[in-house]
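J.: Let the sequences and hints guide you as you build the complete structure.
In order, the protein sequences belong to chains A and B. For the first sequence, the numbering used here begins at 2 and goes up steadily by one. For the second sequence, the numbering used here begins at 51 and goes up steadily by one.
To be clear, the hints were calculated from the coordinates, so they are not data collected in a lab. This one's a predicted model, so the numbers in the text were calculated from it and none came from an experiment. Mixed in with the good hints there might be a few duds.
[Claimed, not checked] Covered, in the sense of this in silico footprint (three residues per stretch, anywhere, with C-beta under 8 Å from a C-beta of chain B), are these stretches of chain A: (1) 67-75; (2) 101-114; (3) 157-171.
Ideal placement from N, C-alpha and C gives every residue a C-beta, glycine not left out.
Listed here are the chains, written in short residue letters.
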Amino acid sequence: MIEARGLRRVFGRLVAVEGVSLQVPEGTILALLGPNGAGKTTTVRMLAGLLAPTGGEATVAGWDVRRQPAAVRASVGLVTDSPGLYDQMTPQAYLTFFGRVYGLDEPDLQRRIDHLLGLFALQSVRRVRMAGFSRGMQQKVALARALLHEPSVVFLDEPTAGLDPLAARVVRELIVGLKHARRSIVLCTHDLDEAERLADCVAILSHGRIVASDSPAALRARASRETHVEVALARPLPSALDVLGALDGVIEPRLEPSPLGLAGGRLSYRTTAPEATNPLVIAALVGAGAAVVSVTGTLASLEDVYASALGQATAEVGQAVEEVGQRA
Amino acid sequence: MPEAAGPRPQEASAARVASNRRRAVGTLRMTWLIAQRAAREALQDRFTLLMSLVFMVALPLGLVVFVVRPQAASGDPGLGSSLTFLLLMVGLLPAFSAIGIAAGQFAGEHERGVLIPLLAAPATNLALFGGKVLGAVLPPLAYTLVAQGVYLGGLMLVLEPSQLAFLSVGLVVATLLLVAALACFGAVVASLISSRVRTYNSAQQLAGLVMGPVLAALLSLVGRLLDRGVIGLLVGVIVLVLLDGALAVVAAATWRREEVLSRR
Chain A
2 MIEARGLRRV FGRLVAVEGV SLQVPEGTIL ALLGPNGAGK TTTVRMLAGL LAPTGGEATV
62 AGWDVRRQPA AVRASVGLVT DSPGLYDQMT PQAYLTFFGR VYGLDEPDLQ RRIDHLLGLF
122 ALQSVRRVRM AGFSRGMQQK VALARALLHE PSVVFLDEPT AGLDPLAARV VRELIVGLKH
182 ARRSIVLCTH DLDEAERLAD CVAILSHGRI VASDSPAALR ARASRETHVE VALARPLPSA
242 LDVLGALDGV IEPRLEPSPL GLAGGRLSYR TTAPEATNPL VIAALVGAGA AVVSVTGTLA
302 SLEDVYASAL GQATAEVGQA VEEVGQRA
Chain B
51 MPEAAGPRPQ EASAARVASN RRRAVGTLRM TWLIAQRAAR EALQDRFTLL MSLVFMVALP
111 LGLVVFVVRP QAASGDPGLG SSLTFLLLMV GLLPAFSAIG IAAGQFAGEH ERGVLIPLLA
171 APATNLALFG GKVLGAVLPP LAYTLVAQGV YLGGLMLVLE PSQLAFLSVG LVVATLLLVA
231 ALACFGAVVA SLISSRVRTY NSAQQLAGLV MGPVLAALLS LVGRLLDRGV IGLLVGVIVL
291 VLLDGALAVV AAATWRREEV LSRR
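T.: Set out below in structure tokens:
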């Protein structure tokens, strides 16, 4: 469980994080999104007991990050954007070293190492120096290190960066597995698709502040109430736009060539009430002789939400800078 | 009135002592773990190993063959002081690599991105700092032992027993201890600098800048102590060990792991 209220961190004159409040219950994944320099890594480092907050409060796995940072560090697993391995060591020696640093008993430690090396398919290279490892293999060893002491809270800073698609899938499955094992997980990522697929909650950071926070679905719904609907037609229907134009609730109907090469093209429109409008549209089209192949409806994507949240935040910062400039 | 619940004062005090002892043992264990890993990495560095081979084998043998043997053959009365001075030099030269290794312990590892996982571990600041200093000192001390062994072995081959008598066991031990204390001093200062700068290069340059004059002053002091024999050297060792200890404690106490992360 992670709980933070008004976290703030200042480096000299730079305010890296300002007023960050969040909650990550057990068995939940929070995705921290934001551009480089938004404050994601600083937030994670404060919550992992690595950096003392300048202001605010936070408890991680029941420990206070300000007063009990050593206990916090013992309870969390951290994977940074760079794997940070001692490349002259073998995975076996590396994991043994960190296992001892985390105070694991020898039989327990070897059992955990065997399990994790098996999980990440690293058993064949367990006694090979890591200097020649690919980025993906290094990241797997880093993940194994973070999970060695079975932490109740896991911080993953871009864990799939640089991984091939299959390795990335293994990592994503592992993250889901950790969630089912009741871990609290904070995932920093630039991959919005990954965030959407994995996260229960998304927090978008900009200039050190959280500018949007909710479940991916709620964020998408909040960004736009309109559903974008596409109807694929098997054969041309010259009256299609007229049929749609006559119906209430249909916004900006369009007819475009079909990306699937269908002769009838792709009919698209927006609506704020898909449950009422779409049945009417389909009935009207079929009544006019259309051969409907498929109907798909999509809300705003997380990418739209991200762009909109960041655009708004940037505009606010720009306005504030302008106001300060005018006052000066 | 019922007695208040909870341990009696003696029990609480005993529990506190036991807890402090456990914590101290934990810190020592962690320090040794970190030191072992750092030392192993330093021993695997091929360039340092190559340079150390020169200092461990070529230099002592060269000194024996080209300096000591001609001096002994000519019956030079200054042979005794030469043997002691060279023993110290043979030990010091490989020991000074501790400064270079220590300079890379924080700044170098931070630059390579390998420091954060260790900083994220539950090790105390003292264990981290002490482990890194110890890890920087152990390999050079091993090189020193080998170099002095090679030098003494060479002396046994070229000198008469009467000439070897200039080097007493006490003097050899005192010299070795002095070299160890000087290496520790260099490593503590270099680690202190390394933990407070951004790059390995600046750590090395600053350590060199600071240690140059300090070591020159210390060596001139050691030269005077050599004239006073074993007792003089042992006094120097005790003073240096105290200085090392105080410096290490102050360095560890004033070091904050987050300072390393705050440097952007």
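J.: Each hint: holds or not?
T.: Consistency of the hints with the structure:
no.	hint	in the structure
1	67-75	holds (count 4)
2	101-114	holds (count 4)
3	157-171	violated (count 0)
Consistency note: the structure conflicts with earlier hint 3 alone.
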